[in-house]
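Now for the letters of each chain:
There are 2 protein chains.
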Amino acid sequence: MVCPCQKGRSLILPMTRYKILVEYEGTPFVGWQFQTNGISVQGVLEEAILNFSQERVRVEGAGRTDAGVHAHGQVAHFDLLKAFTSHKVQEALNFYLRLHPVVVLACEIVEDCFHARFSAIRRSYRYIILNRQSPPALVKNRVWWIPKPLNLGAMEHAAQYFVGQHDFTTFRATGCQASSPVKTLDRFDVQRYEDQIWFDVEARSFLHHQVRNMVGSLKWVGEGKWQSETIVQALEQKSRIAGGPTAPPEGLYFLKVIY
Amino acid sequence: MVCPCQKGRSLILPMTRYKILVEYEGTPFVGWQFQTNGISVQGVLEEAILNFSQERVRVEGAGRTDAGVHAHGQVAHFDLLKAFTSHKVQEALNFYLRLHPVVVLACEIVEDCFHARFSAIRRSYRYIILNRQSPPALVKNRVWWIPKPLNLGAMEHAAQYFVGQHDFTTFRATGCQASSPVKTLDRFDVQRYEDQIWFDVEARSFLHHQVRNMVGSLKWVGEGKWQSETIVQALEQKSRIAGGPTAPPEGLYFLKVIY
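If you read the sequences in order, they're chains S and C.
Heads up, the first sequence stops at 259 in the UniProt record's numbering, and the numbers go up one at a time, no gaps.
Heads up, the second sequence stops at 259 in the UniProt record's numbering, and the numbers go up one at a time, no gaps.
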């Protein structure tokens with residue numbers, strides 16, 4: 001589809017760009033991104049596309065997720081020389097993906113200037129803690145299990161210190177490649193659902209490990225190891241060692257991308 | 001604990017009876033009940049009890065679940081000659097169960113006349129259909145996937161014909177051992193939660209495959225293959241061949257037992 005902004009690649013080659021909405025269980029993967037040391041979500045998607053279209057393409061995702069991190073609504077795009085209906089692409093991908101815990105929930109043909117990563121204006125993640133004495137059976141590998149009761153009110157209060165524009169150096173992975181540590185958080189809700197605590201966070205974009213590092217510190221607040229206000233001091237320190245632990249990947253879900 | 005009704009076994013042997021609340025993922029099991037052809041939930045529980053107490057006991061469950069059926073709140077009991085605190089029993093069981101998707105959510109010492117199966121006055125089950133075009137990734141093996149849209153209103157209406165006292169011959173497994181096919185359903189709610197449909201059903205007790213057979217017929221109603229009223233005729237026929245298909249086990253959850 002030729003884009004109205006005239007920046008599209010279709011001016012050079014007659015390609016069709018497909019946008020897909022993807023759900024996956026992160027447990028068996030080395031992460032979203034292709035790596036040589038194991039299977040990746042990107043890799044199995046590219047393999048499935050090759051199998052049905054005979055075209056070897058690069059699939060671009062809205063966000064890279066780490067090994068073990070899940071997605072309810074990752075978004076990705078890719079280009080094909082042959083033109084298929086979006087329905088056909090979705091059906092064929094799900095057929096070739098059937099041995100992996102990855103499914104395409106929706107597919108549409110988009111303008112050539114659409115980019116899963118660069119066109120995104122908002123991303124949301126959910127982190128789930130299972131807060132009960134007994135370990136998980138039905139949600140194994142899908143939550144962070146914390147047996148001791150956490151103080152929900154304190155965590156909810158503390159989470160609000162993250163909202164707004166801040167230098168998140170304390171809460172980014174030391175190897176994070178982003179050019180600036182300044183990000184703007186639009187929302188950080190903490191709610192209990194039965195024996196789970198859900199941390200819902202929204203921003204235009206996030207630093208590497210930012211959600212997991214924020215949740216790790218909030219867990220310290222919930223345990224009483226930190227006061228809610230310690231978050232403010234930790235942000236001010238601008239140093240990863242001033243932050244709490246990195247929450248494990250299995251509790252994290254990439255929920256939604258808005259364009 | 002000696003029971004006030006004086007029917008307890010402790011009059012003969014000084015045993016302690018433990019009641020446990022159990023969560024499990026049914027996928028890897030041949031079912032609740034011990035069988036020689038694979039591992040059972042009952043079997044791994046008995047093994048865990050043997051490992052920590054050195055006593056070989058029989059664990060009695062409130063209800064037998066088939067292979068692949070899950071539980072949020074199965075209840076069981078067993079007797080030990082040695083006396084442990086309930087907390088110790090729960091901790092030790094969860095330690096020895098750690099390689100299986102089975103956990104003890106609660107444990108208490110009960111009177112000797114308590115029986116997980118015979119003392120139960122109400123049981124509840126949930127059946128989950130994933131009703132969306134794409135197969136499940138995050139809830140694989142935990143739902144029945146139906147890609148075509150089902151008519152929720154028609155299923156909800158039809159489900160009410162099951163409520164009350166009926167002869168459920170049409171909806172019991174042909175090999176069902178129960179002495180009478182007459183059961184009383186207290187509740188049958190059908191609700192949509194995003195892309196899932198939850199069937200919540202409550203009764204004192206159920207026949208073998210009763211929930212799965214009722215849900216299989218409701219699916220036919222949802223597809224328009226049956227009218228809601230066809231349920232009434234099917235009940236009247238009192239023959240399994242007058243009923244719809246048996247819904248697969250992976251969508252079924254044993255939720256709760258009331259004593």
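No wet-lab data here; the hints were simulated from the structure.
Keep in mind it's a predicted model, so treat the numbers as computed, not measured.
C-beta: ideal position from N, C-alpha, C; glycine also.
Accuracy of the hints is not assured; some may be wrong.
[As the list claims (entries may be wrong)] When the alpha-carbon atoms are kept at most 20 Å apart in a straight line, the in silico EDC-like pairs for lysine to aspartate or glutamate are as follows:
1) Lys256(C) to Glu194(S)
2) Lys256(S) to Glu194(C)
3) Lys256(S) to Asp79(C)
4) Lys256(C) to Asp195(S)
[To be verified] Just a few of them, taken from the derived set where beta-carbon distance is under 8 Å, the chain C residues facing chain S:
5) Val102
6) Val103
7) Glu108
8) Ile109
Right, here's what the structure says about each hint:
no. : hint                   : in the structure
1   : Lys256(C) to Glu194(S) : 15 Å, holds
2   : Lys256(S) to Glu194(C) : 15 Å, holds
3   : Lys256(S) to Asp79(C)  : 50 Å, violated
4   : Lys256(C) to Asp195(S) : 16 Å, holds
5   : Val102                 : 6 Å, holds
6   : Val103                 : 4 Å, holds
7   : Glu108                 : 13 Å, violated
8   : Ile109                 : 17 Å, violated
The structure is inconsistent with the numbered hints 3, 7, 8, although it conforms to all the rest.
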